[in-house]
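**Student:** Here is what each chain is made of, one letter per residue.
There are 2 protein chains.
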Amino acid sequence: MLIVGERINTSRKRINEAIANRDMAYIQAEVRSQLDSGADLIDVNAGSRHRSEVDDLLWLIEIIQETAPHARLCIDSPSPESLKAVLGKVKHRPMLNSTTGETARFEGMVPIIQRRDCDLVALCIDDRGIPKNENQVLENAARLISDLEALGMKRESIYIDPVIQSVSTNTKAGLMTLAAIERVRREFEGVNVICGLSNISFGLPERTLLNRAFLTLAMKSGLNSAIVDPLDKKLMGTLRATAVLLDQDRWCQAYTAAFREGKVNQRPE
Amino acid sequence: MLIVGERINTSRKRINEAIANRDMAYIQAEVRSQLDSGADLIDVNAGSRHRSEVDDLLWLIEIIQETAPHARLCIDSPSPESLKAVLGKVKHRPMLNSTTGETARFEGMVPIIQRRDCDLVALCIDDRGIPKNENQVLENAARLISDLEALGMKRESIYIDPVIQSVSTNTKAGLMTLAAIERVRREFEGVNVICGLSNISFGLPERTLLNRAFLTLAMKSGLNSAIVDPLDKKLMGTLRATAVLLDQDRWCQAYTAAFREGKVNQRPE
Numbered sequence: 001m002l003i004v005g006e007r008i009n010t011s012r013k014r015i016n017e018a019i020a021n022r023d024m025a026y027i028q029a030e031v032r033s034q035l036d037s038g039a040d041l042i043d044v045n046a047g048s049r050h051r052s053e054v055d056d057l058l059w060l061i062e063i064i065q066e067t068a069p070h071a072r073l074c075i076d077s078p079s080p081e082s083l084k085a086v087l088g089k090v091k092h093r094p095m096l097n098s099t100t101g102e103t104a105r106f107e108g109m110v111p112i113i114q115r116r117d118c119d120l121v122a123l124c125i126d127d128r129g130i131p132k133n134e135n136q137v138l139e140n141a142a143r144l145i146s147d148l149e150a151l152g153m154k155r156e157s158i159y160i161d162p163v164i165q166s167v168s169t170n171t172k173a174g175l176m177t178l179a180a181i182e183r184v185r186r187e188f189e190g191v192n193v194i195c196g197l198s199n200i201s202f203g204l205p206e207r208t209l210l211n212r213a214f215l216t217l218a219m220k221s222g223l224n225s226a227i228v229d230p231l232d233k234k235l236m237g238t239l240r241a242t243a244v245l246l247d248q249d250r251w252c253q254a255y256t257a258a259f260r261e262g263k264v265n266q267r268p269e
Numbered sequence: 001m002l003i004v005g006e007r008i009n010t011s012r013k014r015i016n017e018a019i020a021n022r023d024m025a026y027i028q029a030e031v032r033s034q035l036d037s038g039a040d041l042i043d044v045n046a047g048s049r050h051r052s053e054v055d056d057l058l059w060l061i062e063i064i065q066e067t068a069p070h071a072r073l074c075i076d077s078p079s080p081e082s083l084k085a086v087l088g089k090v091k092h093r094p095m096l097n098s099t100t101g102e103t104a105r106f107e108g109m110v111p112i113i114q115r116r117d118c119d120l121v122a123l124c125i126d127d128r129g130i131p132k133n134e135n136q137v138l139e140n141a142a143r144l145i146s147d148l149e150a151l152g153m154k155r156e157s158i159y160i161d162p163v164i165q166s167v168s169t170n171t172k173a174g175l176m177t178l179a180a181i182e183r184v185r186r187e188f189e190g191v192n193v194i195c196g197l198s199n200i201s202f203g204l205p206e207r208t209l210l211n212r213a214f215l216t217l218a219m220k221s222g223l224n225s226a227i228v229d230p231l232d233k234k235l236m237g238t239l240r241a242t243a244v245l246l247d248q249d250r251w252c253q254a255y256t257a258a259f260r261e262g263k264v265n266q267r268p269e
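Here the protein sequences line up with chains A and B, keeping their order. Counting with the working numbering, you get residues 1 to 269 for the letters of the first sequence. Counting with the working numbering, you get residues 1 to 269 for the letters of the second sequence.
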């Protein structure tokens, strides 16, 4: 599992304040603790600060790379213009989060992909909106993959996001996503599948309980990357335990190491 | 999901003491709290008290049926003789836990099955021992099902236990069990699959974390019954959440009811 740490996001109040105050120490500590907890990439999102997004991203990229010179970044913005404006500052091969199959958004991404070798999160949304069923997810995935391959992108660089919907409005939404993940991984060998998990539980109580169980199910279906809070011990515990159960953790090494370092153990029962 | 409450078991120290002291109030409270937490059946196991097992079971059955006259019981003993000796006292249709494909143990069960309509847990073990791979689980299941059907038992009364082994000694054990569960449910339509979960995590730290994730995976594969502690809020939370995600909980009704009654909510994150 490739783990993208989601904490550097202006939708978090404390992060938003730290960015507004240019509180470098706070942001850098957040970055280091995510890496220390198992994040493979650091997501960087200043999307809620519309007017200053590009300046904020440039500052964030600079101070993150200063404290974590080897860290890979996931630059997170719906705006191709913002991505284009900051990409030159990113030292290592970036992940871009995200494009969709919507005409304008995809076309805005084309020159970026052509200029820089990167990983790309591609959401299964097109001009018709959010997919209504498993086949529409697959159609969107197929079109995104073939359009991205036509631009020279390798399948291994593509991270398909099937766009999770809440089970509270459609009780079949979870099964639909699981089936779609399985098919994307089977029908497009080499392509990765990524998810933000929390939409699954929108509108229900004890959301983290549903998010964790869905992570387990999605990993079985073929999810091989997730955007999560690596400091969430319960979620990371579920992730590491599921990897053991699915024979994705040789000799249970990552699990037992995480346990020894106090990173998966739960409060007493 | 059919939930068999596992707490009345002499391997629990406090239960063993209560039985030794004929502490009726303690046992009856344990029964009521399990039913109140969602148990569909109450497992009754005095197996560790070899010399007095039958007497203990008779006493337990009597006082459990006194406090919970509508409850169904799951009489849990490896000994056909013990099961035969107490079965007459069981008011409602019993579940018997368990038989195997081992010749002596199966043959001991035949007259019991012929005398009383019951549900039966059948472990996929035969004279060769614990199954070594998915095909052996299936072979054992096939033989048990055909032998039980030949005795007039309906598939709907058969609960196949695939016999979980620990991932700590064989990292493929989890995947093997999941594949076996899927195949049993698909190839023998109508048959139920039941598990005790905790073997999966034997030898590893934070076992309950692995047990919970495995419950989620097993339910997706077709597990439709489990022997669990219904007072374990974390496990029951996982079970109810997974049922929501798999579209097994109409309108999320059981989940939200359990939440309102404080039965799935976790400690603050």
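Some hints could be false.
The list makes no distinction among identical chains, and a pair is therefore deemed to hold if it is satisfied within one copy or across any two copies.
[What the hints assert, rightly or not] List time: in silico DSBU-like cross-link candidates among lysine-lysine, alpha-carbon distance up to 35 Å:
(1) Lys172 / Lys84
(2) Lys154 / Lys91
(3) Lys89 / Lys233
(4) Lys13 / Lys234
(5) Lys132 / Lys263
(6) Lys13 / Lys91
If you're looking for bench data, these hints aren't it; they were derived computationally from the structure. Remember, predicted model here, so these are calculated numbers, not experimental data.
**Student:** Confirm or reject each hint.
**Tutor:** Here is how each hint holds up against the structure:
1. Lys172 / Lys84: neither (38 Å within a copy, 45 Å between copies)
2. Lys154 / Lys91: within (20 Å within a copy, 66 Å between copies)
3. Lys89 / Lys233: within (32 Å within a copy, 48 Å between copies)
4. Lys13 / Lys234: both (22 Å within a copy, 30 Å between copies)
5. Lys132 / Lys263: between (38 Å within a copy, 33 Å between copies)
6. Lys13 / Lys91: within (28 Å within a copy, 60 Å between copies)
Checked against the numbered hints listed earlier, the structure breaks hint 1 alone; every other hint is satisfied.
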